[in-house]
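Sequence lines, in order, name chains A and B. Residue numbers 1 to 409, in this note's numbering, belong to the letters of the first sequence in order. Residue numbers 1 to 409, in this note's numbering, belong to the letters of the second sequence in order.
Be a bit skeptical, because a hint or two may be false.
Claimed, not checked - In silico SDA-like pairs for lysine to any residue, Cα to Cα no more than 20 Å straight-line: (1) Lys162(B) / Gly23(B); (2) Lys205(B) / Arg173(B); (3) Lys24(A) / Thr122(B); (4) Lys143(A) / Ile145(B); (5) Lys63(A) / Glu139(B); (6) Lys63(A) / Val123(B); (7) Lys143(A) / Arg173(B); (8) Lys167(B) / Ile145(B); (9) Lys24(A) / Glu44(A); (10) Lys143(A) / Lys205(B); (11) Lys143(A) / Gly23(B); (12) Lys167(A) / Gly295(A); (13) Lys143(B) / Glu146(A); (14) Lys63(A) / Glu146(B); (15) Lys63(A) / Ser245(B); (16) Lys24(A) / Val123(A); (17) Lys143(B) / Pro125(B); (18) Lys63(B) / Glu146(A); (19) Lys208(B) / Lys143(B); (20) Lys63(A) / Ile145(B); (21) Lys121(B) / Asn18(B); (22) Lys63(B) / Gly144(A); (23) Lys63(B) / Ile145(A).
To be clear, the hints were calculated from the coordinates, so they are not data collected in a lab. Keep in mind the model is a prediction, meaning the values are calculated, not measured.
Number of protein chains: 2
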Amino acid sequence: MTAPVYLLGGYQTDFARNWMKEGKGIVEMIQEAVSGALTAARLEAREIEVAHIGNFAAELYCKQGHLGGFLAQIDPSFSGMPTSRHEAACASGGVAMLMASAEIEAGRYDLALVIGIEQMKTVDPAVGGDFLGTAAWYEQEAKGIEFPFPKLFSRLGDEYEKRFGLKEEHLARIAEINFSNARRNPLAQTRSWFTNETLDLASGKYAKPAAGRLRVRDCSQITDGAASIFLASENFTRQYADRRSLKLEQLPRILGWGHRTAPMKFDTKIFESGNSPCVLPHTRQAIVDAFRRAGLADVWRVQGIETHDCFTTSEYMAIDHFGITKPGESWKAIEEGIIDFDGRLPVNASGGLIGGGHPVGATGTRQALDAFKQVTGQAGDYQIDGAQKIATLNIGGSGTTTVAMVIGI
Amino acid sequence: MTAPVYLLGGYQTDFARNWMKEGKGIVEMIQEAVSGALTAARLEAREIEVAHIGNFAAELYCKQGHLGGFLAQIDPSFSGMPTSRHEAACASGGVAMLMASAEIEAGRYDLALVIGIEQMKTVDPAVGGDFLGTAAWYEQEAKGIEFPFPKLFSRLGDEYEKRFGLKEEHLARIAEINFSNARRNPLAQTRSWFTNETLDLASGKYAKPAAGRLRVRDCSQITDGAASIFLASENFTRQYADRRSLKLEQLPRILGWGHRTAPMKFDTKIFESGNSPCVLPHTRQAIVDAFRRAGLADVWRVQGIETHDCFTTSEYMAIDHFGITKPGESWKAIEEGIIDFDGRLPVNASGGLIGGGHPVGATGTRQALDAFKQVTGQAGDYQIDGAQKIATLNIGGSGTTTVAMVIGI
Numbered sequence: 001m002t003a004p005v006y007l008l009g010g011y012q013t014d015f016a017r018n019w020m021k022e023g024k025g026i027v028e029m030i031q032e033a034v035s036g037a038l039t040a041a042r043l044e045a046r047e048i049e050v051a052h053i054g055n056f057a058a059e060l061y062c063k064q065g066h067l068g069g070f071l072a073q074i075d076p077s078f079s080g081m082p083t084s085r086h087e088a089a090c091a092s093g094g095v096a097m098l099m100a101s102a103e104i105e106a107g108r109y110d111l112a113l114v115i116g117i118e119q120m121k122t123v124d125p126a127v128g129g130d131f132l133g134t135a136a137w138y139e140q141e142a143k144g145i146e147f148p149f150p151k152l153f154s155r156l157g158d159e160y161e162k163r164f165g166l167k168e169e170h171l172a173r174i175a176e177i178n179f180s181n182a183r184r185n186p187l188a189q190t191r192s193w194f195t196n197e198t199l200d201l202a203s204g205k206y207a208k209p210a211a212g213r214l215r216v217r218d219c220s221q222i223t224d225g226a227a228s229i230f231l232a233s234e235n236f237t238r239q240y241a242d243r244r245s246l247k248l249e250q251l252p253r254i255l256g257w258g259h260r261t262a263p264m265k266f267d268t269k270i271f272e273s274g275n276s277p278c279v280l281p282h283t284r285q286a287i288v289d290a291f292r293r294a295g296l297a298d299v300w301r302v303q304g305i306e307t308h309d310c311f312t313t314s315e316y317m318a319i320d321h322f323g324i325t326k327p328g329e330s331w332k333a334i335e336e337g338i339i340d341f342d343g344r345l346p347v348n349a350s351g352g353l354i355g356g357g358h359p360v361g362a363t364g365t366r367q368a369l370d371a372f373k374q375v376t377g378q379a380g381d382y383q384i385d386g387a388q389k390i391a392t393l394n395i396g397g398s399g400t401t402t403v404a405m406v407i408g409i
Numbered sequence: 001m002t003a004p005v006y007l008l009g010g011y012q013t014d015f016a017r018n019w020m021k022e023g024k025g026i027v028e029m030i031q032e033a034v035s036g037a038l039t040a041a042r043l044e045a046r047e048i049e050v051a052h053i054g055n056f057a058a059e060l061y062c063k064q065g066h067l068g069g070f071l072a073q074i075d076p077s078f079s080g081m082p083t084s085r086h087e088a089a090c091a092s093g094g095v096a097m098l099m100a101s102a103e104i105e106a107g108r109y110d111l112a113l114v115i116g117i118e119q120m121k122t123v124d125p126a127v128g129g130d131f132l133g134t135a136a137w138y139e140q141e142a143k144g145i146e147f148p149f150p151k152l153f154s155r156l157g158d159e160y161e162k163r164f165g166l167k168e169e170h171l172a173r174i175a176e177i178n179f180s181n182a183r184r185n186p187l188a189q190t191r192s193w194f195t196n197e198t199l200d201l202a203s204g205k206y207a208k209p210a211a212g213r214l215r216v217r218d219c220s221q222i223t224d225g226a227a228s229i230f231l232a233s234e235n236f237t238r239q240y241a242d243r244r245s246l247k248l249e250q251l252p253r254i255l256g257w258g259h260r261t262a263p264m265k266f267d268t269k270i271f272e273s274g275n276s277p278c279v280l281p282h283t284r285q286a287i288v289d290a291f292r293r294a295g296l297a298d299v300w301r302v303q304g305i306e307t308h309d310c311f312t313t314s315e316y317m318a319i320d321h322f323g324i325t326k327p328g329e330s331w332k333a334i335e336e337g338i339i340d341f342d343g344r345l346p347v348n349a350s351g352g353l354i355g356g357g358h359p360v361g362a363t364g365t366r367q368a369l370d371a372f373k374q375v376t377g378q379a380g381d382y383q384i385d386g387a388q389k390i391a392t393l394n395i396g397g398s399g400t401t402t403v404a405m406v407i408g409i
């Protein structure tokens, strides 16, 4: 019997911002992530017992490691509070959630702050793309390759094409839904990118080729951003609820989680998955683990999904890997409008990564925060009606590390 | 009541090696850390359920992130096994130990492999020193400063000088003990640095000024290296012991741990500690926490210490922070021979960081492995007679993140 871990709310920075242009760095971003979370959850700094930071590569983008050291630097009441940083490329926010919840389940602490964070608009796009290559096997998959990740995720599409067939129109529709949903999200990177009333993704700069089968619209954009969220033990949450005249049962929990790591190299993944019905079987397994731990029979027990659409191909993959369709039939869910904002199972009501932005280490935490907002009815214009349980899927590398969660009441 | 976490053994690479000169990289180092640990602990790859990697900055030194992705790459039986990487500068190995043990305490897994790892001999010393600056507040404490860390730890000595007085001869003796102990350790970086029979630290290159009050002999040297260790639940350990005709009680555990984080900036630390009897009160607190959790009244209940002597000043600090002497009186323990290899409480029987080498992210795990070796009587020529409990102290940054442990039977 595992001790429950509750979510008490948190904060997301505006993913459209460019912090360097504001003269601000990652320390200021940590500061805002902390103060915003305290305000949102109506907690005091002195109540936090431990902080976990999810970050991919501040060493490269910001020439700064050891981010945990900044908590006590920005607020003396954190002095002595234990901190650590966790990394699994674009799943860094997800593993930070896992480490924070493990320490609570182990009974070490009652209130943890998780901060997913990345400042990326510090270098030009080519250098940034090269840095991202360190999330793959750099020597073998990225060195000397311009923008390695779009190429890797184009190959995910190639694999679908080979096994099941894949039409460009379905990827385009995934992009369209994400950009469209992002317009409802006041913190989304792209919310005002389309000044006219129509989303023109079929021509112009968004339709330009990016890599392989992917066009610009198929790719999420890196950005600057942080998302923070409080995780708490049952004891703490009971007192927290009492002080606010809430019932414990009204507060959401991590109902289940899955964590799996596949071989680093995309070639190895695909070679290995040859006999599996799913193209990325370990990603599938992480989802299955999360639903099993949550005691949910299938994907229809959740009212929405926040998935890792670093590219449209990864969302296309997620659709069948979540079991919304049979393997290879993700297109059916797209055509039937199932994943639309007002569909049977909305995917990325927030706009996801393509619409919302992808500050790499923040994404897993941002997904958890969006799940929290949905299940507590605080998602504003992108609120899913009747959302009680939301599934999240956070992926690092070319499908290498997967962290899946079910968050809800 | 916390679930116990056992140590089943592990492996250390030879810290005198230069992997780049051997034509090998960090992937080969992970491979050796894994296979060596499996052999040492007589376990099969398929038994490992989760892997945690402690690493400071492979992004900088090796242009490679997402190290957890290499486990399944090097052995297909790891495919799908969850992995993550943890960082707190030079305490990265320590936080990886904490995260692995948290997941076991939480009941998530029964057998975890922890790998502390760093390949650093990939860049010239000036660049490497600059990279290390990201363990401090780079912009404010390291940028444009040649070798920032010796300067910061010289200032730790300055603070001792100011508060209590500090003699160079005592720092020199700390260096001498570590270099001398290292000669007994077949994996120590410096074991054959002194070709004649005498350790000449008082003249020649080892006596050259390094930074501030520190000479070359006062500084540990970065190197390439990995240390891996298995952590296991009581259930797993019971079966493990049965299969080997051992008793559960013969196998060592993490008896207690402490984890504290101070403000990043050295100035802030010193300003804040003004009213504390200890110069680094949060480091002191981490030690106190570890002994309290272990149920040990004082430092005399352990038979040895593996401490973080990145510089002689940090070991000088550790002596009084462990409570071997009153604050400021570390020199007494040095003069009385207490910390000598054959003293009442040997410190760094392994040679520590100064004698053994400091592959940054590996150090915390290497300390735990040396503690395991001591308490199971496998430390060979550097075995402490009758060692049943060993304390470890792993420090990241200028005393920023501290992980302390008591390991024993």
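Cross-check of the supplied hints:
Restraint check: the Cα-Cα separation between Lys162(B) and Gly23(B) comes to about 48 Å, which exceeds 20 Å; the hinted pair is violated. Between the alpha carbons of Lys205(B) and Arg173(B) the distance comes to roughly 17 Å, so the proposed pair stays at or under 20 Å and holds. The straight-line distance between the Cα atoms of Lys24(A) and Thr122(B) is roughly 32 Å, outside the 20 Å bound, and the hint therefore fails. A distance of roughly 30 Å separates the Cα atoms of Lys143(A) and Ile145(B); the hinted pair therefore is violated under the 20 Å criterion.
Among the hinted pairs, Lys63(A) with Glu139(B) is consistent with the structure: their alpha-carbon atoms are about 8 Å apart, no more than 20 Å. The straight-line distance between the Cα atoms of Lys63(A) and Val123(B) is roughly 16 Å, inside the 20 Å bound, and the hint therefore holds. Using a Cα cut-off of 20 Å, the hinted pair Lys143(A) and Arg173(B) is violated, with the two alpha carbons roughly 47 Å apart. Distance check on the hinted pair: Lys167(B) and Ile145(B) sit about 26 Å apart at the alpha-carbon level, beyond 20 Å; violated.
Proximity of Lys24(A) to Glu44(A) is assessed by CA-CA distance (about 25 Å); at most 20 Å being required, the pair is judged violated. For the proposed pair Lys143(A) and Lys205(B), the alpha carbon gap of about 39 Å is over 20 Å, so the pair is violated. For the given pair, Lys143(A) sits about 18 Å from Gly23(B) by alpha-carbon distance, which is consistent with the 20 Å threshold. Between Lys167(A) and Gly295(A), the direct Cα distance comes to roughly 35 Å. Violation of the 20 Å bound is thereby established for this hinted pair.
Restraint check for Lys143(B) and Glu146(A): the C-alpha separation of about 29 Å exceeds 20 Å, so the hint is violated. Restraint check for Lys63(A) and Glu146(B): satisfied, since their Cα atoms lie roughly 16 Å apart, inside the 20 Å limit. Restraint check for Lys63(A) and Ser245(B): the C-alpha separation of about 51 Å exceeds 20 Å, so the hint is violated. Using a Cα cut-off of 20 Å, the hinted pair Lys24(A) and Val123(A) holds, with the two alpha carbons roughly 14 Å apart.
This hinted pair checks out: Lys143(B) and Pro125(B) have alpha carbons roughly 15 Å apart, not beyond 20 Å. Only pairs whose Cα atoms come within 20 Å are accepted, and Lys63(B) paired with Glu146(A) is accepted, the gap being roughly 16 Å. Taking the CA atoms of Lys208(B) and Lys143(B), the gap is near 24 Å; set against the 20 Å cutoff, the hint is violated. Our distance criterion of 20 Å between C-alpha atoms is met by Lys63(A) and Ile145(B), whose separation comes to about 14 Å.
A hinted pair counts as satisfied when its Cα atoms are at most 20 Å apart, and Lys121(B) with Asn18(B) qualifies at roughly 6 Å. Annotation: proposed proximity of Lys63(B) to Gly144(A) holds, straight-line Cα distance about 12 Å (limit 20 Å). For the hint linking Lys63(B) to Ile145(A), the alpha-carbon distance of about 14 Å falls within 20 Å, and the restraint holds.
Against the hints set out earlier in the document, violations occur for numbers 1, 3, 4, 7, 8, 9, 10, 12, 13, 15, 19.
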